[in-house]
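Q: Chain by chain, the residues run as shown.
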Amino acid sequence: MSQVLVIGAGSAIAEATARIYAGRGDRLFLVARDAVRLDIVADDLRVRGAEQVDVLVADLTDHDRHAEIIAAAMDAMPELDIVLVAHGILPDQENCQQNVEDTLYSIDVNFLSVVALLTPLANQLEERAKGTVAVISSVAGDRGRQSNYVYGSAKSGLDAFLQGMRNRLSKSAVHVLTIKPGFVDTPMTAHIPERGILWAQPEDVAAGIVKAIDKRRNVVYLPGFWALIMLIVRSIPETIFKKLSL
Amino acid sequence: MADTLYTSWGRFPQIAQQGLRLAWRGDELPEPLEGTSSLLPYGNGRSYGDVCLNRGGTVIDTRSLNRFVSFDAETGVLRCESGVLLSQILELCVPKGWFLPVSPGTRYVTIGGALANDVHGKNHHKAGTLGCHVRALELLRSDGSRQLCTPDENADLFAATIGGLGLTGLVTWVEIALRKIDGPLLREESIKFANLQEFFRLSELSDADYEYTVAWIDCIAKGASLGRGLFARANHTDSKSQVVDVDRGARVSVPFQPPFSLINRLSLKSFNAFWYMRQRQKQHTRTIHHRPFFYPLDTIGDWNHIYGPRGMLQYQCVLPGEDGRAVLRNMLSDIASKGSGSFLVVLKIFGDRESPGMLSFPRPGVTLALDFPNTPDVFRQLDRLDAMTREVGGAVYPAKDARMSAESFQSYFPRWKEFAGFVDPAFSSSFWRRVTGDKL
Ligand SMILES: Cc1cc2nc3c(=O)[nH]c(=O)nc-3n(C[C@H](O)[C@H](O)[C@H](O)COP(=O)(O)OP(=O)(O)OC[C@H]3O[C@@H](n4cnc5c(N)ncnc54)[C@H](O)[C@@H]3O)c2cc1C
Ligand SMILES: NC(=O)c1ccc[n+]([C@@H]2O[C@H](COP(=O)([O-])OP(=O)(O)OC[C@H]3O[C@@H](n4cnc5c(N)ncnc54)[C@H](OP(=O)(O)O)[C@@H]3O)[C@@H](O)[C@H]2O)c1
Chain P
1 MSQVLVIGAG SAIAEATARI YAGRGDRLFL VARDAVRLDI VADDLRVRGA
51 EQVDVLVADL TDHDRHAEII AAAMDAMPEL DIVLVAHGIL PDQENCQQNV
101 EDTLYSIDVN FLSVVALLTP LANQLEERAK GTVAVISSVA GDRGRQSNYV
151 YGSAKSGLDA FLQGMRNRLS KSAVHVLTIK PGFVDTPMTA HIPERGILWA
201 QPEDVAAGIV KAIDKRRNVV YLPGFWALIM LIVRSIPETI FKKLSL
Chain A
1 MADTLYTSWG RFPQIAQQGL RLAWRGDELP EPLEGTSSLL PYGNGRSYGD
51 VCLNRGGTVI DTRSLNRFVS FDAETGVLRC ESGVLLSQIL ELCVPKGWFL
101 PVSPGTRYVT IGGALANDVH GKNHHKAGTL GCHVRALELL RSDGSRQLCT
151 PDENADLFAA TIGGLGLTGL VTWVEIALRK IDGPLLREES IKFANLQEFF
201 RLSELSDADY EYTVAWIDCI AKGASLGRGL FARANHTDSK SQVVDVDRGA
251 RVSVPFQPPF SLINRLSLKS FNAFWYMRQR QKQHTRTIHH RPFFYPLDTI
301 GDWNHIYGPR GMLQYQCVLP GEDGRAVLRN MLSDIASKGS GSFLVVLKIF
351 GDRESPGMLS FPRPGVTLAL DFPNTPDVFR QLDRLDAMTR EVGGAVYPAK
401 DARMSAESFQ SYFPRWKEFA GFVDPAFSSS FWRRVTGDKL
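Taken in order, these protein sequences are the chains called P and A. Residues 1 to 246 (the numbering used here) make up the first sequence, in order. Residues 1 to 440 (the numbering used here) make up the second sequence, in order.
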C-alpha cells in the first residue's frame, strides 16, 4: 500500500491517475484550489477503494502555504511514498504578448509555484532517502514555438529544475520523474476544436504515469510516440525552425 | 466541436452535431453554441436513432461526469454521476456481490442515458424497467435550479424524467438500488422451439422460475416454422467461481466501414439457418459469466459498421394481449416474405410491473426487436409495421427509432401532452421535434 500526495488534484490527468492508486487500495492526500471539486474527487476515490482520502484547499500560487501543505500531508501519511504535481494552466499566447501580468502569472503557476513547493519537499525527501516525485511537464517544453512559448518556457524551466534535482537526489535514492504528455483531451484543451490521432485520453496518460513511477523511469513521453516526434522537432536547425509557423 | 464525436448507434440520421462537454456536476449549464437553438444531454450515443441528437442544436456531452458519489456495500445503494457507464458500475460492484437491477444488451451506456430511455432487460417480467430501481436523481434545469427528484419529492418531475428522453433537464447524478448476487456467474438453459406457439408456451412455463428470459428467432423461416428459434432462460448461481473479473472490452472490432451493407438476403438466410441448426440438442445447459450472457455484442467493437455508410434502422415494438400475438404473426410473415430482417431478432414477454416513467415504453405484452439495413424500401415496410402496432394499442421504443410519425408517437404515448409540460424550455431534440410535429 502506498501513500500518495496529489497536488492539483482537480486536473483530469491527476484524477485519472489517482483512480488507479485508489483501485489499489492506497492512501491519498489531495490538494486543489476548488473546494467543491476537491470533495467530488475525494468521494469518488473513496468509493473506488482508497484506504483513506484527506483533502486540503489551497491556491498553489500562494507560496506561503506550501510548508503547511507538506506538513499536513506528512501528518496524514507519515510514509509519503509518491508526490504527483499536476496543476497548471495553458495561457493564451497572444494575450500574453500584450499583457505582462498574465504572462508572469502563468509562469508562476506552471513554474515558480512548483519550484517553491519542491524546494522544501526535496530536503525532506533527501533526509528520508526514499520516495518518488513525479511532475507533469509537457512536450511544449522541448522547444519554444511562436504559438505557445510562454507556456513552453515555464515547462522548459521545470524540466531543467527537475533534471538537477534528479541528479542531486539520486544519491539518496529519491526518484524524480519528469512526465511529458502530448495532446490530452482535458478541460485545459477543451477550446481546441479538432481532435486528431495525436490526441490521448487522460486515462491512457494516467496508466503511463503509474507505470513510469512503478518502474522508476526518469523522463517519460506519453503516449510514447511523442519521444520520436519531439526528437525530430528538436533536431531541426534553428535557422530553419525560426522561419516555420509552429 | 462539429465532428463525428456525436453520432447515434444506427448511424442514421447523420447530422453534423455540435457539442460541448460538462466537466463537473457542480458546473452551470452552458449556453447553446453560437448559431444553435437548444440543448440536449448526450450519453454514450448507444441509442439507435435520434433521441440523442439535436440537429441545429448543441448536445452536452456527459461522459466526463463519470464519478461515483457513494456506495453502501451493505445495502447495495449506489449513487453516481450520470456519465458513469454500466460497465464501470459492474467493475466496481460485481466483486462486492452486487449487480445491476436491470441491464440492457450492451454495458457501454451511461446511467443517465439508460435512465432517460428507462431501459429494460431480460428480467423485465420480474424487475420492470431501470426506473423502478431509481431512488433519487438531481436534475439541472436551464433556469439554473437543481431539483432533487425522488418518488416522493418532486414526484411529477421524477416521473417525467424517467424515460424523459433528456428533455426535462440534465441529470447530474442518479441513485439506484442494486441487486445482490453470490458471484459473477449464471446458469443458462437454451431451448430450441419450432414455432411461435412454442415460444409463448416456453415463456409461460419459464417466467415464474427464471429471472432472465429472452428468445432469438429465425426471421427467414416461414410457414409452419414461422417464429422458430432459441429460448434462453437463466438465473444467477451461487457457484463461487475463481473467474478473474477483468473487463477486456471488445475483443475484435469491425476495423473499417465497408462501402456497402454486408447484410443482404443471402447472408441473412445462411446466418439464420446456421444459428438455428448450430444447437443440435433440444436443450443445452451451461454455466456462463455475466458478460457473454448479457452483452454478447460487446465483444465485437463497432459492429454497427457492417451496415455500411447508410446505416441501419432498428424496430422494437410491444404488442399487448391476445390480439398482439396474432399481429406478431403477421409482422413476422411480412418480414420473412421480404427477406429484409436482421441477424438478431429478439422476442420477449414484458411483465406487468409498472414503471414510474410517464413516457416509459415497456408495457405488458410481447416485444419484438430487429434491425434493418437502410434501404429505400425499409421506410415503407416500417410504416406498415407501425400500422399493425397501432391497431393493437402497442408502442414503439423511442431509443431505437429514427422515423416514427407524430401520429404514431402520439397514439403510442398517450401521456405525451402531460409530459410536454415538464420539458425544459431550453431543451429539444431531433426526435422530439419530429414526433410533436414541431407544433410545440
Ligand atoms: C447493442 C445494443 C443493445 C441494446 N439493448 C437494449 C436493451 O436490451 N434494452 C433497452 O432498453 N435498450 C437497449 N439498447 C438501447 C440503449 O440501452 C439505450 O439507447 C440507452 O439509453 C443508451 O444510453 P447512452 O448512454 O448511450 O445514451 P444516449 O443514447 O447518448 O442518450 C439517450 C437519451 O438519454 C438522454 N440523456 C443522456 N444523458 C443524460 C443525462 N445526464 N441527463 C438527462 N438525459 C440524458 C439523451 O438526451 C437521450 O435522449 C441497446 C443498444 C445497443 C447499441
Ligand atoms: N491537456 C494537455 O494536453 C496537456 C499536455 C501536456 C501537459 N499537460 C499538463 O498536465 C497537467 C494537468 O493538466 P490537465 O490537462 O489535466 O488539465 P486540467 O484538468 O485543466 O487541470 C489543471 C488543474 O490545475 C489546477 N490549477 C491551475 N492553477 C492552479 C493554482 N493556482 N492553484 C491550484 N491549482 C491550480 C486547476 O484547478 P481548477 O480546477 O480549480 O481550475 C486544474 O485542476 C498540467 O500541468 C498541464 O500543463 C497537459
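Calculated directly from the structure, the hints in this document are not laboratory data. Check the hints yourself; a few may be wrong.
[Said to hold, decoys possible] DMTMM-like cross-link-like pairs, simulated, lysine to aspartate or glutamate; straight-line CA separation at most 20 angstroms:
#	chain 1	residue 1	chain 2	residue 2
1	A	LYS417	A	GLU407
2	A	LYS96	P	ASP214
3	A	LYS96	P	GLU51
4	A	LYS282	A	GLU189
5	A	LYS338	A	ASP298
6	A	LYS282	A	GLU204
Q: Does each hint fit the structure? Answer for all of them.
A: Against the structure, the hints:
1. A:LYS417 / A:GLU407: holds (13 angstroms)
2. A:LYS96 / P:ASP214: violated (27 angstroms)
3. A:LYS96 / P:GLU51: holds (16 angstroms)
4. A:LYS282 / A:GLU189: Since the Cα atoms of LYS282 (chain A) and GLU189 (chain A) sit roughly 10 angstroms apart, the hinted pair holds (cutoff 20 angstroms).
5. A:LYS338 / A:ASP298: violated (29 angstroms)
6. A:LYS282 / A:GLU204: holds (18 angstroms)
Checked against the numbered hints given earlier, this structure breaks hints 2, 5; the rest are met.
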